[in-house]
Amino acid sequence: MELVVDNKVLEFVADFKKQDTESKVRKQALDALNGMDFPTTRVEDWKYTRVAKYVKKKYKQVQASVNVEDYTIADLNAHQLVFVNGYYDENLSTILEDDAVSIRNIEDLDEDYYSDLLEDTEENVFSLINKAYQTGGVFIQIKKNKKANYPIHLMHILDGEEVIANARHFVLSENGSQAEIVATYHSKNSANSFTNVVLEGNIESNASLTINKFQTEAKDVLHMSNELFIQDESSNFLINTITTGGLLTRNGLNVIVEGENCHTEMNGAYLGTEKQHIDNHTIIDQLYSNCTSSESYKGVMDGKSVGVFNGKVIVRQDAQKIEAYQSNKNILLSKTASVNSKPELEIYADDVRCSHGSTIGELDQEAIFYLRTRGVSVASAKQLLVSGFIGDVLNKVKNEALRANIDQLFLNDFGWKF
Amino acid sequence: MLTIKNLHASVEEGAEILKGLNLEVKAGEVHAIMGPNGSGKSTLASVLAGKDGYEVTEGSVDFEGIDLLDLDAEDRAKEGLFLAFQYPVEIPGVSNVNFLRTAMNEIREYRKEDKLSAKEFLAKVKVASNLVELDDKLASRAVNVGFSGGEKKRNEIFQMAMLEPKLAILDETDSGLDIDALRIVSEGVNKLRSKNNAIILITHYQRLLEYIKPDFVHVLNDGKIIKTGNKDLALELEEKGYDWINEEIAK
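Just so you know, the protein sequences line up as chains C and S, in that order. My numbering numbers the first residue of the first sequence as 1 and each following residue consecutively. My numbering numbers the first residue of the second sequence as 1 and each following residue consecutively.
If we strip away everything but chain S, and leave its shape as in the complex, we get:
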């Protein structure tokens, strides 16, 4: 589904952050990417989602046979990519349902599908908001304005449920969540897992991976994936930190 080869990216007119990253994600898989602060995790999410301000200097990203880097951010979403933000943006005056209706209609138009009827749309809103126990009222309120930290993260998964992406990148979705919210968000994500889609979890903590079981755990350090393992690797990281990997590599 996603093949990243030798990806180099830097902040525009600035330092190189990704320094030759390789990653292969297949349908049905969940990949966790862990790594110390400043290792490039959020940059990877931003580059994949198409945020301005980053420059890809080398390498390629293939998404279902399409050159992802060649697409505008909105077209990446239309092709089935989704990014759950680490810090969801507050948008005063724009309601969740209002922009999601616009988004879903534009996505359907892009895919040459029929428009969603008002009834179908509202039925989806209901299912998706139930999935993350998001109050119906929040769905119709201005995007993230006055939402608690937990509500903002649940709102990200609500949107994921509405848009049904092929590949979802969850950027530190667990940060700032209490135990209950973490459980709700994780259960929501688990229900959205299927053999046809894939998830990349970017996280600092092993805790999230107890709820959402990854097939692979990657360690990102200094812009490269330096170790890949199964979910036991996350436990090991939790216990020992990151330094031992560097030492192991040095040997």
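The shape of chain C in the complex, shown without the other chains:
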């Protein structure tokens, strides 16, 4: 009997390799996919981001070899973990001697612990596809009360056309540990390829984790990322998301704060040109009292690019004395660029300090004229204003080697100096 597949998701994954492991996580994800469909713009969360034409296409899971020198960051001095098309490449990777860090295959993550931790969290069709068909990824453990001796660089490279990269990572920051993760995304000759990444983690009590994400894929790829972090009591989490690449990018970032005295900081800078579509969706879910969070996303959109920001802060009923600040500011450099910004606060507690704000504007013409009267050309004046606008977000990246790399890219690609 021939089975007629009438489900777009099952059609999409039909050619993906089934892994013959006993993984409960894979099995659950596979089962869940059965009843799923891709989101349409009728779904509020996907109102401004249309994926239909991308998910109609077929993608292949294939390994490739790359010249890693093209993507290394000078002087980063990090554990370098390389993923090409979602496959871990051991030969290109370098794990340094570090008694504070353990780096293993994602398959080594305890599934009962994982299922327990993520119970009741929401999945979407892309995170499920990733978890069902992931081809590689790492389980990073930062040991109790230790500080990682080196940053951990997760380097993702798309190589080849119509490829899908399903890398899945998990970071366990144990009690009192400290670490920094640098996640970069690159592509080469990879028209119509698709990065579908999952990065999750648990930041235990008194631990501190910083993630710097820098996405510079070419403007002909699709990038979906699902990031979920759970913070325990008195932990610190900082994530900076810098996006200049991708034809369509959706950064989904959820942080669930499951303990008191936590601090969460999310910063984002996105720069769109041509027909790029860059969507940042964030959620901070405050469940306990005495926590603080701050969120600042800034966008500079040129050409016919489209920006989307949807940031939600939820303060649950028992979460008193929460201070949560959120801001999204945008500058449109052309008449044809646009931004849809939706800051949201959902507050069920009564003793909180929260604020949110959103602006979309153009470069200040008065400021441009002022600078011109001092002898600065129009182009330089615009560059100064854009740098001044977005610079404070970039300043959140304290890693000097990465910052130098970002500055160099901005200079090469946009002619912007900082």
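To be clear, the hints were calculated from the coordinates, so they are not data collected in a lab. Backbone N, C-alpha and C fix where the C-beta goes; we use that ideal spot for every residue, glycine too. Everything hinted at is true.
Simulated DEER-style distance windows between Cβ atoms:
hint, chain 1, residue 1, chain 2, residue 2, range
1, C, VAL378, S, VAL11, 17 to 27 angstroms
2, S, ARG108, C, LYS321, 49 to 59 angstroms
3, C, ALA401, S, GLU113, 30 to 40 angstroms
4, S, ASN190, C, LEU411, 37 to 47 angstroms
5, C, ASP350, S, GLU133, 48 to 58 angstroms
6, C, GLU346, S, LYS119, 47 to 57 angstroms
7, C, GLU162, S, GLU109, 46 to 56 angstroms
8, C, LYS53, S, ARG111, 45 to 55 angstroms
9, S, LYS119, C, ASP407, 19 to 29 angstroms
10, C, ASN91, S, LYS119, 43 to 53 angstroms
11, S, THR57, C, VAL378, 20 to 30 angstroms
12, C, ASN77, S, ILE66, 52 to 62 angstroms
13, S, GLU113, C, ASN395, 25 to 35 angstroms
If the Cβ cut is set under 8 angstroms, some of the chain C residues that face chain S in the computed set are:
hint, residue
14, LEU384
15, LEU385
16, GLY388
17, PHE389
Go by the hints and put chain S onto chain C.
For chain S alone, kept in the frame of chain C given last:
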């Protein structure tokens, strides 16, 4: 240095504001332009500096042998024109020294001069900020953001000192200044005076002219200079207002 002949200018698609203005400024001179509100003083400053939104319908402006009106705003600055703003603009995220370095390098490139070294630049910043008693920290902070009214005006003169223009137009630089700040700003301007440069002071008040002594005082009314005199004219205006001039002309 500057020769304005029969200058007519209007707001784009709007009323004519300058209606045949003539002015001759020579090197080493200080000219004060006074006049009632709405007489066209700030429009004159804007048109000379090259601000968008104004249309010159007639007349000419010659600056050191160059047709000033033919130049973009930045090139006017590169040729040696400077405008101190009545309302200096706040520019978040852009520091004074950062944009001045860009400006000075672009000016030097335009004039085919060598780039300023970091050391030379910083030495200039020090001298210029001392000149107007501007705190070093303000020089490296975002342009005018969080500056008091007095600090903003001192910052304008600081920039003038950095850029060393041939012709500086100070548009109501005295407005909003207390006595001490007025003294500091004026002393700064006086130190920058030389036989090679010239200054046009646009002001409402004679007070400024006690500190910066003008060679000529012009009265601008309804888009034209209707009377020119020496610094005593400013005193007379302070005492009698502007109406008597119109009456005198009517006679």
